[in-house]
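Novice: If you read the sequences in order, they're chains A and B.
Here UniProt numbering is used: position 232 in the first sequence is 232, and no number is missing along the way.
Here UniProt numbering is used: position 180 in the second sequence is 180, and no number is missing along the way.
Please keep in mind that the hints were generated in silico from the structure rather than gathered at the bench.
Hints are not guaranteed to be accurate.
To be verified - The calculated DMTMM-like cross-link candidates involving lysine to aspartate or glutamate, where the alpha carbons are at most 25 Å apart (straight line), are:
{"hint": "1", "chain 1": "A", "residue 1": "Lys-116", "chain 2": "B", "residue 2": "Glu-335"}
{"hint": "2", "chain 1": "B", "residue 1": "Lys-211", "chain 2": "B", "residue 2": "Asp-89"}
{"hint": "3", "chain 1": "B", "residue 1": "Lys-166", "chain 2": "B", "residue 2": "Glu-254"}
{"hint": "4", "chain 1": "A", "residue 1": "Lys-263", "chain 2": "B", "residue 2": "Glu-188"}
{"hint": "5", "chain 1": "A", "residue 1": "Lys-116", "chain 2": "B", "residue 2": "Glu-338"}
{"hint": "6", "chain 1": "A", "residue 1": "Lys-179", "chain 2": "A", "residue 2": "Glu-85"}
{"hint": "7", "chain 1": "A", "residue 1": "Lys-263", "chain 2": "B", "residue 2": "Asp-196"}
{"hint": "8", "chain 1": "B", "residue 1": "Lys-211", "chain 2": "B", "residue 2": "Asp-201"}
{"hint": "9", "chain 1": "A", "residue 1": "Lys-116", "chain 2": "B", "residue 2": "Asp-336"}
{"hint": "10", "chain 1": "A", "residue 1": "Lys-116", "chain 2": "B", "residue 2": "Asp-196"}
{"hint": "11", "chain 1": "A", "residue 1": "Lys-116", "chain 2": "A", "residue 2": "Asp-264"}
From a predicted model like this one, the values you see are computed outputs, not experimental measurements.
Residues per chain are reported as follows:
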Amino acid sequence: MLGEFIQYLFSGLTSGAIYALVGLGFALIYNASHVINFAQGEFVMLGGMGTVFLAAAGVPLPLAVVVAIIGTACVGFALEKLAVEQTKNASVVTLIIITIGASIVLRGAAQVLFDKQFHTLPAFSGDEPINVLGATITSQTLWVLGITALIVVVLQWFFNRTLLGKAILATSVNPLAAKLVGINVSFVLLLSFGMSAALGAIAGVLITPITSTNFEVGIMLGLKGFSAAILGGLGNPFGAVIGGLILGIVEAFGAGYISSEYKDAMAFIIILLALFFMPSGLFGKKGTERV
Amino acid sequence: MNEATPMSPRPSSASTANISRPGDTTPPGAPERPAPQAPGTPRTGAGSAGRPRQGLKARLMKPRTGGLLVLAVVVAVLPAFLQNAFHYDVAIQIGFNAIVAIGLNLLIGYCGQISLGHAGFLGVGAYFSAITVTNFGWPPLLSLVVAAVVVGLLAFVIARPILRLKGHYLAMATLGIGLIISIILNQEAQLTGGPDGMIVDPFTVFGFEFKKPWHWYSLVGGLLVIAAWLSLNIIDSPVGRALRAVHGSEVAAEVVGVDTTRYKVMIFVVSAVFASVVGSLGAHYIMFLSPQEASFFHSVELVIMVVLGGMASTFGAVVGAATLTALPQFLTFLEDYEHLIFGLILMLVMIFLPKGVVPSLAALFKRGGEK
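Please work from the sequences and hints to get the whole structure.
Specialist: Quick look at the structure:
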């Protein structure tokens, strides 16, 4: 019984950590630009697929990981520079469609550049399972949890302790005021897109040994990450992390104890219930509307 | 970005000047009053001048008369250019999509409420018809009507709690509902056939079977004109003015006494019913139904049609539907590059014509005409 429980808990925490990283990406971009980037899931796909194909081309795995993450960050820069920055005063719906367009482009490019097969990566430290209180956990699970925790700590430090991080926070509160005190707002925007893309790519690399990857893997991960960001309250990066973990755990226990067919539906039912009672998410600001 | 109007496609100066009085609920299609209109208020389609007294010419320039006439003529004349069954098929698919887009445009373009889950309503309508007709032998027309009622009720029940949400939270909620419907359709395989889909009986009305392309073309063309007529009448009625007020500023609309929730719920239900009817007919037309109909991507496609054609423009929705339906057919020769190019076209259009094709062109036309 306990073993089963621990098993579900770890499986939930693992996928939850991935949702959290994707959700963090949504939150970073939303904070800086008020854009919901529906291409976020494609960053995850690019990280995983990029690593797989670089490794297949003979690049040593650690280098392949780094290059894939940097490459994905460059795609993030390009998305900001070539698409989002070109649209001044576009409505929210228009921006959503542009990022959806970007996600179609990235999927289409991946299909041509890579292929349509499923691929996987070797686990970072071997496939030796670990026994925890009667549950069997792979070492990759620990990698996912550890790196996610590390990223959260580093981001916390970055936003609270560094000038650049504070500049990003200031821009998210009020772009005009930030500009007035000398913050280079367009650089902040660029940086946010790059950081989000890199976070997505890291998530992609981490999850590939567990779930494998293909060019369409970003769709569902993107939607789950968006759900995590919304559940936590948009614009609250650490809300997104909590939201992601909650979603992952709910899914795992729902699939384990209730119905594995409706695993994906559980996440969305939770979201709907949460929104009905808390229209701005768990930790969202109670928005007072300016008229 | 203006925070009070999260989805405003145009300056919110529009339409606070002509909000309906509370309780002023003349049904759509009431005799037209010379509506006092703020100068420069954007109108749909052909760019009407909106003068208090209207001659025949001004009347013809109005979308509700002139535009509808153009649409009817296009629908009537188009078969002369359709050379084979494939052309007919594309035209019929355009018609189906255009009807859904017209309904969705009322919600997105006029209420300013986004929905990323309308394919879910389309799917419920489609599966309700398909299952009742094919498995239980209901008459198709009866199924279609009952499906529309069921979907209308479903939309009504979920509209109140979800339309309280704003902006991205609303997008998330509609997305969630659409995905849940799509997952149910995939999983309940003994009823729906699951991911493999199901075969659907043909559409028969009082013994007459729709099977020739031109049967379907006439049916869909007729429905398209009716849908456009309904939409234009809703927009020109006090309901439409109230909606534009909601879009301009929901708080301002509430302050002057518009029951914003009621109007939003009403339009949500109307747009869901449009989708349901198209879903039912589409299932009979293709005679095959798979959960793809209700997928997230289909919902997104429907929203793209509205935004690409031009928000708050009934004919924009038609143009958007035509473009998005026909474009992939022209791009098939690109094979593997099809999605890449399609996405690029989508991004470029939205970056350079953020208000959509029809309003951007109409503005250009108008500016040229005034000089």
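Novice: Starting from the hint list further up, note which numbers the structure goes against and sort them upward.
Specialist: Structure breaks no hint.
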